[in-house]
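**Student:** Below are the chains, spelled out letter by letter.
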Amino acid sequence: MSESSIVVVKDLEKKYKSGTHAVKGINFNVRKGEIFGMLGPNGAGKTTTLQMMGTLLNITGGKIKILDFDVESESSKVRENIGFALQEAGLDSLSTVRELITFHVKLFGFRGTEIEQKVEESLSLLDLHQYSDQMIPELSGGTQRRLDLAVSLVHDPKLLILDEPTTGLDPAHRADLWALLKKLKNDKGITIVMSTHYMEEADVLCDRLAIIESGEIVAMDTPQKLKKTIGKDKIEFKLSEKLTDEQKQIINDKFANDDLSVGESFFTIRVNDGEEALLDSLKIIIQMDIKVKGTKVLRPSLDDVYLKYTGKSLEDYS
Amino acid sequence: MKFSTIMTLYIRNLKQYRRLPAVLAFSFIVPVIQYIIFSNLFNSLSDVPGNPYGDYPYYMYITPAIIILTAIFGSVNSSAALLVDLNTGYFDKLRATPASLAPQVIARFMSEFTRLSLQLLLIITVSILYHKRVSGVLELPEAGFLGLFLIVVLAASFGIGVVGNLVVALAFKTKSEQAVQAVFPLFFVAVFMSTAYVPDVLLPDWLQSAVVYNPSEYLIRAVRGLFLEGFTDSTIDSVTIAVFCIIVLTAITSTINYRTITRSIE
Chain U
1 MSESSIVVVK DLEKKYKSGT HAVKGINFNV RKGEIFGMLG PNGAGKTTTL
51 QMMGTLLNIT GGKIKILDFD VESESSKVRE NIGFALQEAG LDSLSTVREL
101 ITFHVKLFGF RGTEIEQKVE ESLSLLDLHQ YSDQMIPELS GGTQRRLDLA
151 VSLVHDPKLL ILDEPTTGLD PAHRADLWAL LKKLKNDKGI TIVMSTHYME
201 EADVLCDRLA IIESGEIVAM DTPQKLKKTI GKDKIEFKLS EKLTDEQKQI
251 INDKFANDDL SVGESFFTIR VNDGEEALLD SLKIIIQMDI KVKGTKVLRP
301 SLDDVYLKYT GKSLEDYS
Chain L
1 MKFSTIMTLY IRNLKQYRRL PAVLAFSFIV PVIQYIIFSN LFNSLSDVPG
51 NPYGDYPYYM YITPAIIILT AIFGSVNSSA ALLVDLNTGY FDKLRATPAS
101 LAPQVIARFM SEFTRLSLQL LLIITVSILY HKRVSGVLEL PEAGFLGLFL
151 IVVLAASFGI GVVGNLVVAL AFKTKSEQAV QAVFPLFFVA VFMSTAYVPD
201 VLLPDWLQSA VVYNPSEYLI RAVRGLFLEG FTDSTIDSVT IAVFCIIVLT
251 AITSTINYRT ITRSIE
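Chains as they are written, first to last, in the working numbering: chain U, 1 to 318; chain L, 1 to 266.
The hints are all genuine.
Under the rule of at most 25 Å between Cα atoms (straight-line distance), these lysine to any residue pairs were calculated in the SDA-like manner:
{"no.": "1", "chain 1": "U", "residue 1": "Lys10", "chain 2": "U", "residue 2": "Lys65"}
{"no.": "2", "chain 1": "L", "residue 1": "Lys15", "chain 2": "U", "residue 2": "Ser93"}
{"no.": "3", "chain 1": "U", "residue 1": "Lys15", "chain 2": "L", "residue 2": "Ile261"}
{"no.": "4", "chain 1": "L", "residue 1": "Lys175", "chain 2": "U", "residue 2": "Gly141"}
{"no.": "5", "chain 1": "U", "residue 1": "Lys242", "chain 2": "U", "residue 2": "Val271"}
{"no.": "6", "chain 1": "U", "residue 1": "Lys77", "chain 2": "L", "residue 2": "Thr262"}
{"no.": "7", "chain 1": "U", "residue 1": "Lys32", "chain 2": "U", "residue 2": "Lys185"}
If you are wondering where the hints come from, they were derived from the structure by calculation, not from laboratory data. A quick note: this is a predicted structure, and the numbers were derived from the prediction, not measured.
Pulled out of the complex, with its shape left as it was, chain U reads as follows (with noise of 0.2 Å):
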């Protein structure tokens, strides 16, 4: 393991009794203080691995090292180290929101004014003072997440596992959520693996990715990078008149080193940062006279990046 290694999954395999084989040798490292993302499809292996992760599920084949620990041989240190909310929130029905965090406080061996402490912590540190005396069923979804967060966080795990932490919620919640996430990692330090189908969450939250298809990895790397894979920004022009043989001429000499494609009233270009360019390419055009109805800049996203590796889009899932 690499000094800055929280994680390493090494020929990670899982077959089931069934035959069905969930997950097909991947391998990956997880640094210090970073949030891992693993971006898939329903069924793509991620729920799997991070529950083999997570001392949830048995290893078929190949290893995981969390912190240093073995997950088969050394699992009670493992619990001892990591927070894990499931794709569900599972929270005590039949406790309050005090209940369950001081159950869980004194589960990892706090004792005496410790608990308390603890307690108080959790409660502000997730904003959920006012619901406190509350019963969890009471709770919105987006609460019940950020008290199964709470549950996860009493004891300071150097990782928090998060399976597809912001499925069934608003816009709203998720955007909470993710600030949260945000602010776990900066303030604390902890390192997040998260699964998500969300390529917006995936883009917004991962400082690195692992693209998985049927229990294998087919690209990791950061967002920005795996996008760079894709090509170029690029800018789309929409013109208010058929192009004249002579403007077509012109746009060829004065954008030729941009990938350009002309069409009868639009064309394109490919640059390195869409945005920045735009400006400058508007006015050689009206330099030019051509008149534009409209632009519009294209950005590889990570969409482009799993249809690329794996020949279908994740967009249908989001």
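Fit chain L to the supplied structure of chain U, relying on the hints for placement.
**Tutor:** Chain L alone, transformed into the frame defined by chain U:
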């Protein structure tokens, strides 16, 4: 596996029942109702010629049966809180904490044993008070406090060890309250097909032959001996056979339960 983790889970499990009063009430009220109705309905059974228990009022004869019925009722309901955890996903969430799998299962059996023992003590108290009301005498079972302790331990061990293991296995397999409750009639019939309500010699011939194959019969004989006769040689024999039956059956049901639970995490 830390003892403190098991104790934290054990206390939490017991506290859960504050929010499941219907489960507690149901497994207590039904046996009490049966006790009162059967005591009055079949009171004259004590006068039937040839009844070896004719010296005892009928309500005293059926008290062991009601104790066993409470143990079975209580054990079938022992899955209620577990099912809440399984169906909300909380059981799995706890598995990724120091609670893991084994401490959760051990703490669950410990808390159910405690709850059931308290319910059994309550039903025995009801029978003692009923006896006082009818006869005017306040008295413990014939075997005294030690006998009372043994009755509770035997009945709770049978309930949790045999019925509870099967019920928990079924809960893991189906995650359905209805499926779990559906097994209750099987145990109910098992109790009826014993000497729980009618002495051996008054049973039809075919049932007299079948009774020896009914494990609950041996438990009822042991509890009845402790309740009515005290520590006689025949009671000690009955208790020994009952302990043997409970150990063997618990070993079988625990194996079934263990396999079901481990398969669920493969």
